[in-house]
Amino acid sequence: VRRPAALWLAAATLALGGVPLGLLAYLSIHLASNALRHEVERRVASTTEVISTLVQSDMDGLVQVVQGYASRPYLRTTLQVRDPSDATRAAIASQLRELRLARPGIATTFLAEPNGRLIDIDPATPSIVGKDFSFRDWYRGVHRSGRAYVSRAYISQAVGRPRVVAAAVPVRARTGGSELGILVAAYGLRHIQQVVSDISRQDGVHVRVTDQYGTLLAEPAGKPGLVARRGDALVAAALAGHSGIRTVAGADGELLAAFRPIPALGWTVTSTIPTRTALAGIRTLRTTVAAIAAGLAALLLVGAAALGRSWSRRTHVEAELARQATINGAVLDAVRDAISMEGADGGVVFANARTHEIAAELFGGTGTAVTDEEIAAQLTAPDRYLEIRRLERADPDAELVSEFELAGARRHFLRYSAPVGDESGRRLGRIVTLREITAEREAERLKTELVATVSHELRTPLTGVLGFAELLRRPGLDPEIAERYASTIHSEAKRLTKLINDFLDVQRIEAGALTLSLEAVDLRELIVQAVEIFRGDEGNHTLELDLPDEPLEVAADAQLLAQVLANLLSNAIKYSPGGGTIHVSAGLGDGTARIAIRDPGIGIPADQQRRLFTKFFRVDSTDTRAIGGTGLGLSLAREIVEAHGGRIGVESVEGEGSTFWFELVRGDRRTAARPRVLVVEDDRGAAELLVTYLGDDFDVDIATTGVDALERAHRRAPSVICLDIGLPGSLTGWQVLGNLKSDSRTAHIPVIVCTGGKGHRNASALGAADFLTKPFTREALLGTITHLLPEAGGDVLVVDDDRTVRTLVAATLEGEGHRIREAGDGAQALDAIGEQRPDAIVLDLMMPHLDGFGVLERLQSDPDLRSIPVLVLTARQLTPAERQALDLRTVALLEKSEYSALELRRLIGQALGRNPGDPR
Amino acid sequence: LVCDDEPVLRQLVRASLDPAYEIVEARDGAEAIRLAREHRPDLVVLDMMMPEKSGIEVLTELRADPVLCATPVVMLTARAQAADRDAAAVGGADRYLAKPFSPFELAATVAELLRA
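Going line by line, the protein sequences match chains A and B.
According to our numbering, the first sequence is numbered sequentially starting from 1.
According to our numbering, the second sequence is numbered sequentially starting from 1.
Hints in this document: simulated from the structure, not taken from any laboratory.
There's no promise every hint is true.
[Claimed, not checked] Partial selection, computed: residues in chain B whose CB lies under 7 Å from chain A:
#, residue
1, V8
2, L17
3, D18
4, P19
5, A20
6, T60
7, K99
8, P100
9, L114
Ideal Cβ placement from N, Cα and C applies to all residues, glycine included.
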């Protein structure tokens with residue numbers, strides 16, 4: 001449910017959470033990278049600076065030591081000696097040795113004459129003593145500046161030929177005096193290298209130191225020999241006096257480099273560090289931040305998913321709640337009682353559809369906007385209603401049941417009100433249900449009136465009978481008077497009998513025991529006879545007939561139909577006290593015969609017409625009270641007509657008269673899939689009699705000769721053959737029978753031998769199924785044929801929650817040979833259908849668990865079950881839409897109020913494609 | 001005066017009281033009132049359950065009439081319930097006979113009332 005919404009929500013959460021997270025990750029990486037780069041740069045720069053300072057101070061230290069020795073008077077004095085003695089020479093050598101050992105790292109010390117000739121050197125190298133070294137940088141430097149000078153790097157000619165830089169200091173007689181010589185101490189480059197590498201190793205920085213000519217003085221893992229670095233851009237820049245930091249391309253990738261001069265010496269220091277190594281931290285950081293960001297993103301994703309799911313679950317729950325609420329609402333709206341709830345403050349918080357309906361009906365407003373007084377004003381007992389309302393307010397716990405009648409409408413309502421609380425017992429308000437019990441009260445009223453009416457109606461003739469009988473016993477009674485009394489007694493007793501018969505008929509019909517003895521009836525004759533009976537009682541009425549010229553035949557119980565006609569005619573006369581013409585007509589309708597009786601009488605109010613055919617109902621007016629009656633006639637008429645599968649009705653205008661009519665299905669309409677009977681009979685009269693007997697239930701085919709009979713039987717095998725023995729022509733009945741039984745095509749057809757003579761034994765020997773001796777009755781014939789027909793029954797499932805109805809239907813259909821299974825609700829019905837597919841279903845609509853519509857839906861959805869004929873039997877008033885839906889799906893609709901055993905049998909027979917058989 | 005909507009019961013009352021009394025028959029309540037005023041009967045036999053105007057209504061009207069208020073009334077009714085008897089008594093009926101009634105009992109009742 002609402003998955004797209006959940007997805008949107010998750011996406012939005014991701015966007016809203018993910019973007020800042022990304023930014024944060026980017027920024028933190030960026031800032032940290034910058035900081036780290038800065039830090040690395042700083043480190044490189046400071047290393048450079050430290051090295052520069054260190055080298056400078058080391059060289060300063062060296063220079064000072066040399067100066068110290070140069071200013072020694074002893075050395076001066078010695079140098080001022082013209083021809084030095086051996087002792088003097090030894091003294092100088094000693095001085096030089098002392099100086100060489102004065103500082104670690106001094107590779108060699110020597111003394112030169114002002115012209116550059118070497119006086120002595122330590123360690124002693126006699127081969128070069130006296131050699132001119134004025135080409136050396138140290139010599140040029142001292143002479144150029146007249147001060148101490150640190151030379152460029154060179155390879156010394158001293159023992160071991162070390163690579164050195166020399167610190168040369170002029171030796172003077174006195175300060176500012178003439179130069180006596182030059183004292184030099186040369187540092188091995190290895191020493192400088194040592195100083196530099198200690199630092200650079202610590203910092204992981206690659207440091208190079210060059211002299212003032214760009215010759216490399218120190219480099220980690222430096223090679224032997226002198227290496228010129230002047231071409232190096234960084235060295236060049238430093239030599240030019242610049243310092244700075246830049247990124248340069250190295251052999252193994254990018255390098256971060258710092259460079260600076262050592263100003264006092266004119267030397268340079270450059271430090272490099274591979275960017276990759278230096279900024280390895282950045283990569284680690286980036287990875288870490290990315291990992292953290294990814295972790296957060298994952299969390300966010302999970303959160304968003306969880307949120308999405310919870311949202312989706314919530315929408316699902318909400319949808320479920322909404323569905324539940326819809327169901328609850330629908331259930332409450334479907335209830336026929338008005339149900340409403342008042343909140344604790346007395347306001348209406350809920351009202352179902354029926355409440356609104358009643359309110360609209362009575363007040364033309366809504367159920368919530370009517371005051372107690374307005375309601376009370378509509379009732380026959382307004383004070384009692386207001387009192388109940390007071391009680392409810394006074395005692396919120398009160399559970400009250402009361403009954404009210406609407407003033408002037410004769411509508412009764414049962415009102416129930418009770419407190420409503422939640423599970424914890426907190427009071428939510430008060431529920432009020434209003435159930436219309438007009439029908440119940442009306443039924444009670446009718447019953448009470450009936451008792452009074454019956455009592456009155458029975459007592460009146462009884463009083464006459466008893467009274468006159470008593471008077472008869474008076475001695476000395478005039479025979480003439482006695483005769484009159486006896487005649488009155490007789491007629492009153494007859495009246496009593498008629499009344500009792502009416503009651504008994506009604507009782508019998510109610511017990512479902514109305515039996516029809518159907519025969520072909522010409523309605524014209526029946527009407528004429530009925531009208532004749534009333535000829536004597538018509539008084540100031542004229543009876544007018546409008547009948548067709550042709551016979552109007554129906555299959556009916558003549559006696560019962562006569563009773564219907566008598567009832568309608570007597571009503572027509574009774575309820576038109578002013579006299580006039582009673583018009584009786586008969587005619588053909590659509591497959592029906594219709595009889596109508598029109599009177600110019602008092603008529604029937606429209607609102608009472610519908611209930612007119614209800615038992616014991618009597619139109620309530622002064623006119624009808626004056627006329628009297630049991631209220632049974634019309635209900636009896638309806639039962640009889642409907643038992644014939646017909647309809648009865650009335651059209652009436654109050655004060656102008658009524659037309660009562662009834663319609664009967666004509667015999668020729670019931671032709672669907674009926675069994676065929678072949679009648680072999682040469683006598684036309686006898687054949688026609690058989691057709692009359694059989695026509696209602698069977699298709700009848702007539703053959704007049706044996707040859708004709710065989711031909712017809714071969715052409716289309718009948719279900720049963722009725723065979724006369726005395727036939728004209730070449731074949732006798734016996735021969736026909738022999739032929740039929742010896743032919744495989746016809747041997748299975750049961751043959752009833754119908755003959756005026758004997759031959760029972762012959763018949764059974766030849767294979768006849770039964771034997772009827774003429775003349776035989778219709779019942780005997782039908783009984784025999786029905787007995788011989790293949791079983792007409794089918795498997796019928798009766799579904800109804802009312803056991804009484806199931807029993808009734810079962811009893812009705814079992815008589816037809818159907819096998820009945822019963823189900824108490826829709827669910828049971830589906831179980832039963834699952835067990836075995838029934839041939840037909842009789843289905844109630846209103847049932848618990850699964851109602852009739854549900855069952856139909858299930859049947860409809862299964863191709864195997866869709867074709868099962870369903871007969872809907874319902875007590876419910878259907879909406880036109882429901883009726884239409886049912887019409888599409890079901891075979892027929894039978895309302896319980898209009899239940900007729902005959903109709904049910906007929907419909908089921910039709911549904912099963914079988915013959916309804918002998919109407920029992 | 002005999003008032004009953006059923007002809008056979010009027011006949012029976014007449015037969016019960018004939019020929020000792022002169023009988024006037026009314027078919028309904030309205031006619032009964034009219035005939036009572038016209039004939040001023042010595043006694044009224046009144047059916048309780050009648051259309052248009054019930055026996056009780058007729059009785060009430062008779063009792064309200066200054067001329068007829070003292071006329072003895074015998075009520076006939078199919079209803080044997082106490083409520084009906086009470087109604088008859090309250091309305092001022094002198095006697096009450098439940099249907100089916102005995103003609104002799106009616107005759108005796110009428111004779112007794114007229115003697116008194």
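*When the hints from earlier in the document are held up against this structure, which numbers fail?*
2, 3, 4, 5, 6 and 9
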